[in-house]
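Asks: In order, the protein sequences belong to chains E, R and C.
In this text, residue positions in the first sequence follow our numbering: the first is 1, and each later residue adds one.
In this text, residue positions in the second sequence follow our numbering: the first is 1, and each later residue adds one.
In this text, residue positions in the third sequence follow our numbering: the first is 1, and each later residue adds one.
Hint data in this document are derived by calculation from the structure and do not stem from the laboratory.
A few of these clues could be false.
Unchecked claim - Pair ranges (Cβ atoms, derived):
1) R:K161 <-> E:Q4: 31 to 39 Å
2) E:K266 <-> C:R258: 29 to 37 Å
3) R:D147 <-> E:G84: 31 to 39 Å
4) C:R258 <-> E:A262: 53 to 61 Å
5) E:A262 <-> R:E150: 37 to 45 Å
6) C:D241 <-> E:R181: 36 to 44 Å
7) E:G84 <-> R:L242: 53 to 61 Å
8) R:P190 <-> E:K266: 55 to 63 Å
9) R:N158 <-> C:D241: 41 to 49 Å
Stated by the list, open to error - Calculated Cβ distances over 10 Å to all of chain E for the following chain C residues:
10) Q4
11) P39
12) A42
13) D43
14) L45
15) V70
16) G84
17) D147
18) E151
19) G179
20) C184
21) Y257
22) T260
As the list claims (entries may be wrong) - Below, a sample of chain R positions facing chain C; criterion: calculated Cβ distance under 10 Å:
23) N18
24) A42
25) L83
26) V111
27) R112
28) L242
29) T260
30) A262
31) N269
32) V272
Ideal placement from N, C-alpha and C gives every residue a C-beta, glycine not left out.
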Amino acid sequence: MFEQIFENVRQKSPLIHNITNYVTVNDCANMLLACGGSPIMADDLEDAVEITAICGGLNINIGTLNQRTVPVMFAAGKRANELGHPVVLDPVGAGASRLRTDTALGLLEKVRFSVIRGNISEMKTLALGSGTTKGVDADGADRVTEDNLEEVIWFAENFAKKIGTVITITGAIDIVTDGERAFCIRNGRPEMSSITGTGCQLSALTAAFVTANPERVLEAAAAAVCAMGLCGEIAYRRMTDLDGNSSYRNYIIDAMYRLTPAELEKGANYEVR
Amino acid sequence: MFEQIFENVRQKSPLIHNITNYVTVNDCANMLLACGGSPIMADDLEDAVEITAICGGLNINIGTLNQRTVPVMFAAGKRANELGHPVVLDPVGAGASRLRTDTALGLLEKVRFSVIRGNISEMKTLALGSGTTKGVDADGADRVTEDNLEEVIWFAENFAKKIGTVITITGAIDIVTDGERAFCIRNGRPEMSSITGTGCQLSALTAAFVTANPERVLEAAAAAVCAMGLCGEIAYRRMTDLDGNSSYRNYIIDAMYRLTPAELEKGANYEVR
Amino acid sequence: MFEQIFENVRQKSPLIHNITNYVTVNDCANMLLACGGSPIMADDLEDAVEITAICGGLNINIGTLNQRTVPVMFAAGKRANELGHPVVLDPVGAGASRLRTDTALGLLEKVRFSVIRGNISEMKTLALGSGTTKGVDADGADRVTEDNLEEVIWFAENFAKKIGTVITITGAIDIVTDGERAFCIRNGRPEMSSITGTGCQLSALTAAFVTANPERVLEAAAAAVCAMGLCGEIAYRRMTDLDGNSSYRNYIIDAMYRLTPAELEKGANYEVR
Numbered sequence: 001m002f003e004q005i006f007e008n009v010r011q012k013s014p015l016i017h018n019i020t021n022y023v024t025v026n027d028c029a030n031m032l033l034a035c036g037g038s039p040i041m042a043d044d045l046e047d048a049v050e051i052t053a054i055c056g057g058l059n060i061n062i063g064t065l066n067q068r069t070v071p072v073m074f075a076a077g078k079r080a081n082e083l084g085h086p087v088v089l090d091p092v093g094a095g096a097s098r099l100r101t102d103t104a105l106g107l108l109e110k111v112r113f114s115v116i117r118g119n120i121s122e123m124k125t126l127a128l129g130s131g132t133t134k135g136v137d138a139d140g141a142d143r144v145t146e147d148n149l150e151e152v153i154w155f156a157e158n159f160a161k162k163i164g165t166v167i168t169i170t171g172a173i174d175i176v177t178d179g180e181r182a183f184c185i186r187n188g189r190p191e192m193s194s195i196t197g198t199g200c201q202l203s204a205l206t207a208a209f210v211t212a213n214p215e216r217v218l219e220a221a222a223a224a225v226c227a228m229g230l231c232g233e234i235a236y237r238r239m240t241d242l243d244g245n246s247s248y249r250n251y252i253i254d255a256m257y258r259l260t261p262a263e264l265e266k267g268a269n270y271e272v273r
Numbered sequence: 001m002f003e004q005i006f007e008n009v010r011q012k013s014p015l016i017h018n019i020t021n022y023v024t025v026n027d028c029a030n031m032l033l034a035c036g037g038s039p040i041m042a043d044d045l046e047d048a049v050e051i052t053a054i055c056g057g058l059n060i061n062i063g064t065l066n067q068r069t070v071p072v073m074f075a076a077g078k079r080a081n082e083l084g085h086p087v088v089l090d091p092v093g094a095g096a097s098r099l100r101t102d103t104a105l106g107l108l109e110k111v112r113f114s115v116i117r118g119n120i121s122e123m124k125t126l127a128l129g130s131g132t133t134k135g136v137d138a139d140g141a142d143r144v145t146e147d148n149l150e151e152v153i154w155f156a157e158n159f160a161k162k163i164g165t166v167i168t169i170t171g172a173i174d175i176v177t178d179g180e181r182a183f184c185i186r187n188g189r190p191e192m193s194s195i196t197g198t199g200c201q202l203s204a205l206t207a208a209f210v211t212a213n214p215e216r217v218l219e220a221a222a223a224a225v226c227a228m229g230l231c232g233e234i235a236y237r238r239m240t241d242l243d244g245n246s247s248y249r250n251y252i253i254d255a256m257y258r259l260t261p262a263e264l265e266k267g268a269n270y271e272v273r
Numbered sequence: 001m002f003e004q005i006f007e008n009v010r011q012k013s014p015l016i017h018n019i020t021n022y023v024t025v026n027d028c029a030n031m032l033l034a035c036g037g038s039p040i041m042a043d044d045l046e047d048a049v050e051i052t053a054i055c056g057g058l059n060i061n062i063g064t065l066n067q068r069t070v071p072v073m074f075a076a077g078k079r080a081n082e083l084g085h086p087v088v089l090d091p092v093g094a095g096a097s098r099l100r101t102d103t104a105l106g107l108l109e110k111v112r113f114s115v116i117r118g119n120i121s122e123m124k125t126l127a128l129g130s131g132t133t134k135g136v137d138a139d140g141a142d143r144v145t146e147d148n149l150e151e152v153i154w155f156a157e158n159f160a161k162k163i164g165t166v167i168t169i170t171g172a173i174d175i176v177t178d179g180e181r182a183f184c185i186r187n188g189r190p191e192m193s194s195i196t197g198t199g200c201q202l203s204a205l206t207a208a209f210v211t212a213n214p215e216r217v218l219e220a221a222a223a224a225v226c227a228m229g230l231c232g233e234i235a236y237r238r239m240t241d242l243d244g245n246s247s248y249r250n251y252i253i254d255a256m257y258r259l260t261p262a263e264l265e266k267g268a269n270y271e272v273r
């Protein structure tokens, strides 16, 4: 199934509008190109609404949000909804500040998202309306492990059901669920967290996968997670004794550029519950 | 001739002020350093006008323009004109939104540019005052091929003549013309379009080449296109089975860092019409 | 001593809030991760003050300052001071424009900095209240060499003493002083200046080192300079005939990722005066 989903990305080359942070924006653009999609960035109020209209999907990332760009996220999200375009939310740092939490919660209220992708701390913040995120990474107390996996799936399914959106929670084990079914994904490498923006890249990737497969949002979101994790594994095998997080970043994007749909099908490591 | 032009860049190390997008800005800075130039970025109204004055040339790229930065483009362009500095325009996405089209057209009216570099869709938008750009890439219907080459040269020469500016249209075949003569350039690789910002980098490079060779703007702009394409070829030869667009990006900048003026002279693949 | 200082960075993983330029922000984030720290970027007024509070240290870099972000620098700096967090200033381009000079001088007046890191031209601007910086690089007339080393140390010590802040002046020879003692550091490679943002990365690194070693600010700042320079040396040894400044950038961050505290102790090349 993931083979066809990825094939659709390569064939349709979805144009994705990204309203995203300036820290990892270049990597997001190259990751979108690597998977077969096409990126465009626009965050001016007037510009963004028009750009959204010519795109196939929208990716909203609140990583370096500000008073100027927050209204743009709402306006572009609304426009994308009107046009029936898939919209992905990456609530970077929700729980770490009032502005981030409020913006994420406000977006959740005003915009229909196809997928929300974040770490468990960010997701708990969205579900509970407040949080204790330490920066942009998940709290230690919040990590997803085999021990608390059932509990996290239960949380994710309930949250997904409640808001009617596919939820992607990434960590040591990744969970993607629409509230009915949950994909537990064991692709990826722990070293990916030592690169800035692998989460942001996955959100952009998710937007491309979902946009190219609008009828299968859950499966497309899960395929994106598997693809990202698999590329992390492939890239890791390439690492020499001299390579560190900067080369690893390049190798992961390179791996996505080279990855075939058949390889994704074969390398995806998940179970459906 | 290109040997001397590139030698001048290496010798004079032109300081280039870039008002550019936050997606590819880091690559533009490293590309400018790679060619022997020196980059500075400033986009605050007050700051930019002063920074322009201490620089040798100005590169305006509207990739992630907004209401705050658009007036800065006009003000810095005006200041650069007063000082007789070369100014390059990269009309990213002109035709994709009203703000982009209007800003590019407005700049064309108020600022004298030495060179405008864009894809054929963006250029048609500027020439016609409206367009149908699909995102930041040229429309399929607009691609420059051997079949429509004559027509595109005719268009470029007329547009260049009309506005009195050197026009660089990049695609499978690149055209650089001042309205009298046209360089048709066949350097480069199709894979370069799978990297974000190769066009932006070329615009920054063009600013450096023209600033170091103010008496030969047409030739300098053509040399920059050849240099960028040649580096794309050199970098491509270095690619392994594991490399993708992210490593390719690094290798192209690396190639520019290593390229000698003599190698540019030898590797430049163009005809003058 | 540097071994323990670096060990503390790896162990404590300091969370560093960066208000920095959009040119080199990604490299700063990856460098912070490479050294064992954790980066977060926030530059909205409301957001930044809260984010600063959850971080261990603050890094202010005025590289692409604007009217919106300048007040954020003051507010976050004030908040960090209230909380007793280390604050580092990178006065990029002070002397190159009024806004940059005034902002740097204003910050110096209103915010207590643990360390200020810049090139000699920027530092002279701060000390004298005006300057002649050519862009973001040190003026040729200002370079630190063996010939003027004594003079520069004298200047740095006096400035450090006067403002009660550790001063890091980077160049061919780096000087780190608190006004009492001066570290003269001879790590590094001249090729590092052909990469955009090695200075910005060092400032971010300095923030991490100082935050993890608040009782030894001078030594921590010196250790950061040695670590950066040493990584420049290690990375340089890895360069092939095809590599240029883009790969060199990656290799330096990679080297920091791999560097052990013991290797830093052994490779640090400095004398204390």
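Asks: Determine whether the non-interface label on D147 (chain C) survives the test: each CB of chain E must be over 10 Å from its CB.
Replies: holds, 36 Å
Asks: Run the C-beta distances from G179 (chain C) to all of chain E and say if the shortest one exceeds 10 Å.
Replies: holds, 34 Å
Asks: Confirm or reject: C184 (chain C) is not an interface residue toward chain E, with every Cβ-Cβ distance exceeding 10 Å.
Replies: About 28 Å separates C184 (chain C) from the closest Cβ of chain E, which puts it past 10 Å; holds.
Asks: Holds or violated: the hint that N18 (chain R) contacts chain C, with Cβ atoms closer than 10 Å.
Replies: holds, 9 Å
Asks: A262 (chain R) was flagged as interface toward chain C. Is the shortest Cβ-Cβ separation under 10 Å?
Replies: Because about 16 Å separates A262 (chain R) from the closest Cβ in chain C, which is outside the 10 Å limit, the hint is violated.
Asks: Verify that the Cβ of P39 (chain C) lies farther than 10 Å from every Cβ atom of chain E, and report whether the claim holds or is violated.
Replies: violated, 7 Å
Asks: Test the statement that L45 (chain C) is away from the interface with chain E: the closest C-beta pair must be farther apart than 10 Å.
Replies: violated, 8 Å
Asks: Evaluate the condition: distance from the CB of G84 (chain C) to the nearest CB of chain E exceeds 10 Å.
Replies: holds, 19 Å
Asks: For D147 (chain R) and G84 (chain E), compare the CB-CB distance with the range 31 to 39 Å and indicate the outcome.
Replies: holds, 37 Å
Asks: Taking the CB of R258 (chain C) and the CB of A262 (chain E), does the distance hold inside 53 to 61 Å?
Replies: violated, 35 Å
Asks: Is the hinted range of 53 to 61 Å satisfied by the C-beta distance from G84 (chain E) to L242 (chain R)?
Replies: violated, 39 Å
Asks: Answer holds if the nearest beta-carbon of chain C is closer than 10 Å to that of V111 (chain R); otherwise answer violated.
Replies: violated, 21 Å
Violated hints for the displayed structure, listed by number in ascending order: 1, 4, 6, 7, 8, 11, 12, 13, 14, 21, 25, 26, 27, 28, 29, 30, 31 and 32.
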